[in-house]
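Protein chains in written order, with our numbering: chain A, 1 to 520; chain B, 1 to 517.
Hints may be right or wrong, so weigh each one.
As the list claims (entries may be wrong) - Under the rule of at most 25 Å between Cα atoms (straight-line distance), these lysine to any residue pairs were calculated in the SDA-like manner:
id : chain 1 : residue 1 : chain 2 : residue 2
1  : B       : K390      : A       : T102
2  : A       : K442      : A       : Y353
3  : B       : K390      : A       : R23
4  : A       : K160      : B       : N319
Said to hold, decoys possible - Only part of the chain A face toward chain B is listed, based on derived beta-carbon distances under 10 Å:
id : residue
5  : G38
6  : E62
7  : L170
8  : L173
9  : W181
10 : L293
11 : V297
Hints were generated in silico from the structure; no laboratory data involved. Ideal Cβ placement from N, Cα and C applies to all residues, glycine included.
Next come the chains, spelled out residue by residue.
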Amino acid sequence: MLSVLLMVVPLAGAIVIMLAPARAARGIAMIATLAGAGIAVAAATNFDGWGTGGWGLEFQSELLPTLGITLTLGADSVSLMLILLTALLMPLAVLGSWTAVTTRLREYYGWMLVLSTAMIGVFLARDLLVFYICFEFTLVPMYFLIAIYGSGNRAWASLKFFIYTFLGSLIALAGLLYVVWQHAAVAGAWSFSIPELAAFASTGLTSVEQAWILLALMAGFAVKIPLFPVHTWLPLAHTEAPTAGSVLLAGVLLKLGTYGLYRFVLPMVPAAVVEWAPLIAVLSIIGILYAALICWVQTDVKKLVAYSSVSHLGFCVLGLVALNPLGLQGSVLYMINHGLSTGALFFLIGMMYERYHTRDMGQVGGLASKMPVWSCFMVFFVLASVGLPGLNGFVSEFLCLIGTFAAGGSGAYPGVLGPWLAAIAAIGMIFAAMYLLIMVGKIVFGTLREPPGHASDMPSDLNFREIVVLVPLAIGCILLGVQPDLAIHAMEGAVADTLSAYPDVVTGVLNSVSPQGATP
Amino acid sequence: MTDRLWLLIPELVLLAGAVSCAILGVSRSVAIRRLLPAATVVTLLVALAASVFVYVPGAVEAATGPGAVPLPWLGRAVIPITVVVGLVLVLVQAGFVDRVYEMAVASGRTTFDPLRSARGEYYVFFLLSMAGLMLTCAAPDLIWLFLALELTSLPTYVMVAMSRDDRRAQEAAMKYFYLGAMSAAMFLFGFALLYGATGTMVLGDMQAVLAGRMADTGSIGSLAVIGLLLSVLGIGFKLAAVPMHLYAPDVYEGAAAQVTAFLGFVPKASGAIALMLILSLTGWTEEGGSLPPAVLITLWLMAVLTMTLGNIGALLQSNVKRMLAYSSISHSGYMLIGIIAGPGAGFAAVLVYLLAYGLGNTATFAVLASLRAGDHEVESIDDLAGLREKHPGLAWAMAISAGSLLGFPPLMGFWGKLLLFIAGVASGHLVLIVIAGINSAISAWYYLRLVALPLTGTPSSTSGSIERRPYEGPRMAAVACTVLLICLPLLLGSIMSQASDAVVTVDELRNSAGVDE
Numbered sequence: 001m002l003s004v005l006l007m008v009v010p011l012a013g014a015i016v017i018m019l020a021p022a023r024a025a026r027g028i029a030m031i032a033t034l035a036g037a038g039i040a041v042a043a044a045t046n047f048d049g050w051g052t053g054g055w056g057l058e059f060q061s062e063l064l065p066t067l068g069i070t071l072t073l074g075a076d077s078v079s080l081m082l083i084l085l086t087a088l089l090m091p092l093a094v095l096g097s098w099t100a101v102t103t104r105l106r107e108y109y110g111w112m113l114v115l116s117t118a119m120i121g122v123f124l125a126r127d128l129l130v131f132y133i134c135f136e137f138t139l140v141p142m143y144f145l146i147a148i149y150g151s152g153n154r155a156w157a158s159l160k161f162f163i164y165t166f167l168g169s170l171i172a173l174a175g176l177l178y179v180v181w182q183h184a185a186v187a188g189a190w191s192f193s194i195p196e197l198a199a200f201a202s203t204g205l206t207s208v209e210q211a212w213i214l215l216a217l218m219a220g221f222a223v224k225i226p227l228f229p230v231h232t233w234l235p236l237a238h239t240e241a242p243t244a245g246s247v248l249l250a251g252v253l254l255k256l257g258t259y260g261l262y263r264f265v266l267p268m269v270p271a272a273v274v275e276w277a278p279l280i281a282v283l284s285i286i287g288i289l290y291a292a293l294i295c296w297v298q299t300d301v302k303k304l305v306a307y308s309s310v311s312h313l314g315f316c317v318l319g320l321v322a323l324n325p326l327g328l329q330g331s332v333l334y335m336i337n338h339g340l341s342t343g344a345l346f347f348l349i350g351m352m353y354e355r356y357h358t359r360d361m362g363q364v365g366g367l368a369s370k371m372p373v374w375s376c377f378m379v380f381f382v383l384a385s386v387g388l389p390g391l392n393g394f395v396s397e398f399l400c401l402i403g404t405f406a407a408g409g410s411g412a413y414p415g416v417l418g419p420w421l422a423a424i425a426a427i428g429m430i431f432a433a434m435y436l437l438i439m440v441g442k443i444v445f446g447t448l449r450e451p452p453g454h455a456s457d458m459p460s461d462l463n464f465r466e467i468v469v470l471v472p473l474a475i476g477c478i479l480l481g482v483q484p485d486l487a488i489h490a491m492e493g494a495v496a497d498t499l500s501a502y503p504d505v506v507t508g509v510l511n512s513v514s515p516q517g518a519t520p
Numbered sequence: 001m002t003d004r005l006w007l008l009i010p011e012l013v014l015l016a017g018a019v020s021c022a023i024l025g026v027s028r029s030v031a032i033r034r035l036l037p038a039a040t041v042v043t044l045l046v047a048l049a050a051s052v053f054v055y056v057p058g059a060v061e062a063a064t065g066p067g068a069v070p071l072p073w074l075g076r077a078v079i080p081i082t083v084v085v086g087l088v089l090v091l092v093q094a095g096f097v098d099r100v101y102e103m104a105v106a107s108g109r110t111t112f113d114p115l116r117s118a119r120g121e122y123y124v125f126f127l128l129s130m131a132g133l134m135l136t137c138a139a140p141d142l143i144w145l146f147l148a149l150e151l152t153s154l155p156t157y158v159m160v161a162m163s164r165d166d167r168r169a170q171e172a173a174m175k176y177f178y179l180g181a182m183s184a185a186m187f188l189f190g191f192a193l194l195y196g197a198t199g200t201m202v203l204g205d206m207q208a209v210l211a212g213r214m215a216d217t218g219s220i221g222s223l224a225v226i227g228l229l230l231s232v233l234g235i236g237f238k239l240a241a242v243p244m245h246l247y248a249p250d251v252y253e254g255a256a257a258q259v260t261a262f263l264g265f266v267p268k269a270s271g272a273i274a275l276m277l278i279l280s281l282t283g284w285t286e287e288g289g290s291l292p293p294a295v296l297i298t299l300w301l302m303a304v305l306t307m308t309l310g311n312i313g314a315l316l317q318s319n320v321k322r323m324l325a326y327s328s329i330s331h332s333g334y335m336l337i338g339i340i341a342g343p344g345a346g347f348a349a350v351l352v353y354l355l356a357y358g359l360g361n362t363a364t365f366a367v368l369a370s371l372r373a374g375d376h377e378v379e380s381i382d383d384l385a386g387l388r389e390k391h392p393g394l395a396w397a398m399a400i401s402a403g404s405l406l407g408f409p410p411l412m413g414f415w416g417k418l419l420l421f422i423a424g425v426a427s428g429h430l431v432l433i434v435i436a437g438i439n440s441a442i443s444a445w446y447y448l449r450l451v452a453l454p455l456t457g458t459p460s461s462t463s464g465s466i467e468r469r470p471y472e473g474p475r476m477a478a479v480a481c482t483v484l485l486i487c488l489p490l491l492l493g494s495i496m497s498q499a500s501d502a503v504v505t506v507d508e509l510r511n512s513a514g515v516d517e
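Generate the whole structure from the sequences, applying the supplied hints.
In structure tokens, the structure reads:
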């Protein structure tokens, strides 16, 4: 029942907002998102699959019996962590928009809540169509958030965002429908249940079919992640989106792509994944390095952080295709860490923008003397993002790289990547330190530079509300930096389930390539 | 024969309604003439009620008796769909022809004549065309099919011509008429060849002859194939399918938005149904059989070209009615996927899609019909910019119906498209589905303009002067369609079972009747 509440509460909030006067919108949104966060925490404490794998929060109801479409919800520990991330980010996003949004309040907060329902729906779905509907539906609120509340080039940014993702997910849908059809032909009845389809596809389809399905699924998820070379919508969308939109986009929406890899690609088409993992890894490494180099030359801070997302998500994908528990745990942890630290960076940039109405590093700089509290947070979250040991980014990045490094060996989880790929990807960490620290150097330190004639009714440094937005994120960063074991241990069972087929498949593929079973 | 008449009661009701409207339309009392839209609504509802009584298991004899149709229970789904869309169409159109006349009087082009101040004949044509659509699905032989198709089309030519007091409407009507006549000649020639190939006009007998030839020689013979091809191409005109689509943009633009809403649905539905009937002749059933390769390839190409050219055409338009015309072409392409997917799931998906498309299409034109820019209709898409500031309801109706036409979950259009896609995949046409997916993404480009401009655009000097027309019908129709597009997915299960019951073939019906006994 909790799972239904998780989805219904924000939706109900949105409906109430539509009926209530505009000035009440913020308050209602705050209550609804806090209630959602409360329910998510309650769900997490009641969940008994931490560490052991297994499913909780289950709910089932018939939708279309003739086609085998059911409303099936449920979460394993990985989904539940992402649900927690979403539900906890939502109140912060509402609080962060408190003064930034001044027009069309009802629609703004209404769309935010609808977005929350759709995102949580993606993580809860255990039926293919429920997943697809929620996955697609996240586009609509985000589209409006960008198109109505964005800056300058918002019309084009929102259109590009919509079309890229829509095309990708339609192709993914075609691939998934093929699986459904093949399954129906064998089983004799239509079913859209994700576990059933995954179990069928991983064994019942030939490797050629799997490769095509992999391609179709990647079309859907790679765009969302975004993976090089289909990442070009992201900087635009991020730059033009309102602050809270960027936060949710970076914090949660990008994770829908990596979550799709985790939930569909890995369990459904293992043979194809093993075959094509090197290519996917190379694409993510290109993304890591290429996006990092682009960051280096940015003058627009928001664009810089947007490109850094492309670079960071590259590590996330790398960890997933390492196909061993280390990589997967690192990757899932990375999803959460990136949500915390990059979300916070977008908040900080938004706060700066509210005061100076520019994001250009050439115009603003040396804010440490003017905004000390802001500068502290900025340095803190940049360090978290760079991967300073002791903060959250380090652990997950390290695990992803270790996973990749170990993915060439022949242990319990043999893989098809190896030390070389890990070494090249690691250069990305150095780049990240360079571009992020250069950014900090420019806008935090040095002599104070302010755009001429800027006027804002905001206090010069952060106010209490803004500090309240940032503190929970900072606590999360420290907690996951010092005690990553909590999260890593909690997802062990689920990760092992997802990987269960792989050791055999990898060994099989390796043996068929080189009889010795050794990789260079 | 009386058995057959039993199945035709809904159509007879419509004909009776049409005749009554014709008689009442010349009444001397304006009050009576103004009642005609209501009479049309009543007629449609009575036809719906009649269809519920007609298509009951007890009528199996009628459906399977001599002269039975290949898909005898098609009306079971087509009549309710027609009535639902027909009701919103009446709402869109109620009284608008009277305004055309009043405008002409007001501008001094004609003097006022009380006898012409309410045009009852319009509703006669409306009902006749609807009756033609319903008769199409009951056609037992080729002559009947031809007459039904023409009964659907002929009134629409008149409706286009009288829809506006404007030369463009006359031009559109002429174009539509001549090209329609050409297409009729084409499929009539196809029918003649089919007759030549089989020696019978009766669809059931034809099916048997072709099935026998198929069993003997492994093909249905080239004469029959050419006949089928010509019929398919000719009927493609009704669907506005490539290569018979060229008239659509001009005609849709020339006619008033109210009539365009009608053109977008009724002829299209009759074309889709006629295609199902004609293609069933080849002995193509859910269990087995297939289309002759030439016909399959033709349909396949038609589907791909129709989707692609329709969508690309729509992308290039700045006139909103032309854009919707091209988009309606692309929807015919999607429907052809269902036709290619074949009897059973494919045809059923087409029926569901017709409902979703009909409502979405009517809603967009209803929004256009309820707006005016000065004396004129809304022409440019940019005129819709910032519509929500003055008319939020209409802006939302436009956005939601565009979303449904785009096939965005969870609106009705999504489910329609999904069923088509599932049927397509299940019949092994994966490439076609991928092409359709890419086309849907292309269509997102222009449908999003219909979402974005009204809801997120800022009014310009021209779009700021857009006003609502002073009558309520189109607005109510837009709202009704929007509500249905949102709520119908809740009833999807029963809609689907209704649709799949409707496409049961006569053999299956006979077998199941035999089992019951």
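Going down the list of hints, with the structure as the test:
1. The straight-line distance between the Cα atoms of B:K390 and A:T102 is roughly 20 Å, inside the 25 Å bound, and the hint therefore holds.
2. With a CA separation close to 16 Å, the supplied pair A:K442 and A:Y353 stays within the 25 Å bound.
3. This hinted pair checks out: B:K390 and A:R23 have alpha carbons roughly 21 Å apart, not beyond 25 Å.
4. For the suggested pair A:K160 and B:N319, the alpha carbons sit about 22 Å apart, so the restraint of at most 25 Å is met.
5. Of the supplied interface hints, the one on A:G38 is violated, with its beta-carbon coming no nearer than about 27 Å to a beta-carbon of chain B, more than 10 Å.
6. At a threshold of 10 Å, the smallest CB-CB gap from A:E62 to chain B is about 9 Å, leaving the interface hint in force.
7. The interface hint given for A:L170 is met, as the beta carbon of that residue sits about 4 Å from the closest beta carbon of chain B, less than 10 Å.
8. Among the interface hints, the one on A:L173 holds; its C-beta lies about 7 Å from the nearest C-beta in chain B, closer than the 10 Å criterion.
9. Because the beta carbon of A:W181 sits about 5 Å from the nearest beta carbon in chain B, less than 10 Å, this interface hint is met.
10. Taking 10 Å as the C-beta contact cut-off toward chain B, the hint placing A:L293 at the interface is violated, the least distance being around 30 Å.
11. A distance limit of 10 Å between C-beta atoms decides the matter here; for A:V297 the minimum to chain B is near 31 Å, and the interface restraint is violated.
The structure fails hints 5, 10 and 11 (numbered hints given earlier, in ascending order).
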